[in-house]
Amino acid sequence: MKGGFTSASVARERARAGFNRYGSVIAWMTLIGAFVLAPDAHAQLPGATVPSYQDSARPAAERAADLVSRMSLEEKASQLLNDAPAIPRLQVREYNWWNEGLHGVAAAGYATVFPQAIGLAATFDTARIHAVADLIGVEFRAKHLAERHRFGGSDWFAGLTVWSPNVNIFRDPRWGRGQETYGEDPYLTARLGVAFVRGLQGEDAAYYRTIATPKHFAVHSGPEASRHRDDILPSARDLADTYLPAFRATVIEGHAGSIMCAYNAVDGAPACASRSLLTDWLRRDWKFDGYVVSDCEAIADIYRPDHHGYSATPEAGVAAAFDAGMDLICGGPVEGEHIVRSVREGLLSEATLDRSLVRLFTARVRLGQFDDAARVFPSITAADFDTDAGRALSLATAEAAMVLLKNDGLLPLNENVRRIAVIGPNADSQAALVGNYNGEPSQPVTILDGIRRRFPDAEITFAEGTGLIDPALVPVPNAVLCADAECRTSGLTLERFADRTYATAPIGTTPVGEPRYRWSGELQSGAVRFTGFLKASEDGEHVFRYDANGGYRIFIDDKPVVDAWGVDWRPSIAAGKVQLSRGQTYRIQVEAFQRATEGNEGLLWSLPSDPGAAAATQAARNADVVIFVAGLTSQLEGEEMGIEVPGFAGGDRTSLDLPAVQQAVLEKVHSTGTPVVLVLINGSALSVNWADAHVPAILEAWYPGGQGGDAVARIIAGDVNPAGRLPVTFYRSADDLPPFTDYDMKDRTYRYFDGPVLYPFGHGLSYTRFAYSEPKVAARRVSADDSVEASVMVANAGDRAGDEVVQLYLSRPDVAGAPKHSLVGFQRIHLAAGEQRRVSFTIDNRSLSTVDASGVRRVDAGTASLWLGGGQPGLPHVPGQAASVVITGSATLPN
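Note that my numbering has the sequence shown beginning at 0, numbered continuously upward.
Since the hints were made in silico from the structure, they are not lab data. It is possible that some hints are incorrect.
[As the list claims (entries may be wrong)] Okay, the calculated beta carbon distance ranges per label pair:
| # | residue 1 | residue 2 | range |
| --- | --- | --- | --- |
| 1 | A852 | S670 | 30 to 40 Å |
| 2 | A391 | R57 | 37 to 47 Å |
| 3 | H693 | T508 | 52 to 62 Å |
[Unchecked claim] Below, simulated EDC-like cross-link-like pairs (lysine to aspartate or glutamate); rule was C-alpha separation at most 20 Å, straight line:
| # | residue 1 | residue 2 |
| --- | --- | --- |
| 4 | K576 | D538 |
| 5 | K576 | D557 |
| 6 | K75 | D65 |
| 7 | K534 | E513 |
| 8 | K534 | D557 |
| 9 | K576 | E540 |
| 10 | K558 | D483 |
| 11 | K75 | D353 |
| 12 | K667 | D623 |
| 13 | K667 | D656 |
| 14 | K286 | E336 |
| 15 | K576 | D556 |
| 16 | K819 | D746 |
| 17 | K775 | D785 |
Backbone N, C-alpha and C define an ideal beta-carbon position, used for all residues, glycine too.
Work out the full structure, taking the sequences as your base and the hints as a guide.
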């Protein structure tokens, strides 16, 4: 699904592109509704009869059915699209169903930005995740109130239907969207998914605060480049044991009001037209009574011959989706035409449309959209977002999410440290804080900011040292730029154009000193061109990039060096290399356009001498300690991206290694002899094998959210004792894994992988030590249809207070095909130095079960081995205690 982390204006333009006659009618209806429907539009004249759908005393489904019965076919079709227009005659306000809330309110201006979802998972803390989602739900209501007063309804990214959480399994670390998930384990994902859904939706008996939408149903986890045409054939065991449990839990336990179906096909049927998924599993087995929304453009995938080609015509594709149980299309107005024609051609019954519409309007009724606003969450105001309390929770969550991967005693830093060198491409980067599908923090704290704030008396030296995938780039100085080939006049010529084709004469021509430009709103659809000459100051390979939130092209002597014109809606970091000779003059031309409403841009380069790396090395020599902030950003890993650089393809990764330029500078900095703290900023596993062998301390910070810099600094200083745990395995190499396109779980994740790993699932160090003793099982024998209590004594054996994540694993070595062991319980507890506590778990029969080759979940007789500890069983230096229980009898569990 696209657009969640873009600005709202950009997403609107993308989604509304290609308007046709039908779309214009919808737009006109929406415009009328925006003026006709004021917030009190449902007020009735004295003595008037209130339609059933406006009677708040009636059940929501009954009200919805009454409303749908009053609509024409064309009106019905318009309401089955994500950008649903107003129907003034029925006093139905416009409503856009598309909204994003993966780790905070996204694409709606300032909001609290929490750590990326993978970082939330690293907390191993369901109560905290519930609190985070609870606050996000309040902020959605606040944003919705502000928008509703303006429009009478909800425009893009201002509604209350939240397309989160992403509970897909992060089965392969190469997947660029894995950062959006809760990791590789189905149990952890299920527990956190339930907590997030419940937090978003709230506990009000009458109204949803928001509606959560677990996604992408189902069996979806890359590759990004082929997601619109992939047909995945999971084994029956993998489907039931790995890919579906988190969806089941969010539906049955979390009571999610919505589900999003995926792009890919499963067993030959597109997920959004799969009766097996949408009818059998979801509605028959799990008793789901909410609505299903398609991923954006997924319905077009059903009928497009270059995608699934599942149906011969668009009308047949739309019919297949609605018949299977999909209810709402995320797509353009043309899909509305297909709905109408599908009914008139007899491919789709109007009764099936009514079924979907009743589900959709039941949801809108339960959101309070047809009731007096004073009755619907009256305590929430339009000002309840981006608050001090929200930022405090974001900071505490970031602190809880960070995982200390390695520590040879360097951390926490001595309070008397006097000289700190902060180095690396993510040290002073806001992009490194927010990940994707993000909001905008109003008071962001980068890692560099956090270090300066926490160590105000220390001498802090910052040297970027390197870019993410290229040497450190700096603005091209005007000293090397010339307006003429002889360099008699310095500077360049700037031409401004009304559109991006350059087909007409420029609307303005200006001499400028350097290739920098500030965009304003009136030029958002236009373009610029810089022309002139560049006189090289060094011999060798130069790297060029244009820093802009848009497309760009760079030419040297009329030859293309960079062509990032056709990149998608994200800011590009595409760069190009060219050999230049010192003293020689070259013709230079830069063309660019901006996608955002406004922004600054400019031409960057790096010289063959790599002064950035040299500055970083010098800074390290002059320091007492180095904090090297490395890793990735969502400019490299993410959703269906147009990036093709070494190690990355289409948003996915082809290598798990730290990008080569970062690795090279890290080694140079280490060679100075100054101790290094390596801070990793990323959304997926990094194979930092060299760093593990050479660097004394490594902290995994994920994409830590708006206040992430303070969190990193406080952990490094020892103000906070780290206790995050890895929700994914850090492998030594991608070469250790099966092909990315293989969805078989054999040799994947900690449950099935047998080789050595760099850092295992569940790993995380502390500044204190924990000891385990006295394991107890309430009953040594338990029936297959019963549960069992297990507990262990946990003690803080160190001299510092801290959190411990107590993990419970179960293994069934006597059951064919069962995982090596599986997480079946976890609790995050806080212990003062010297304190001890008994930690108890209830293991129900679903946790005791395994899935056989035919996909049947069973509890088989035999011995179940338990491990209660600070990490997985069988690993060196992981404290814990073993226990076992004998299961008598057998039982088959429902889907």
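Query - Hint check, failures only - result: 1, 14
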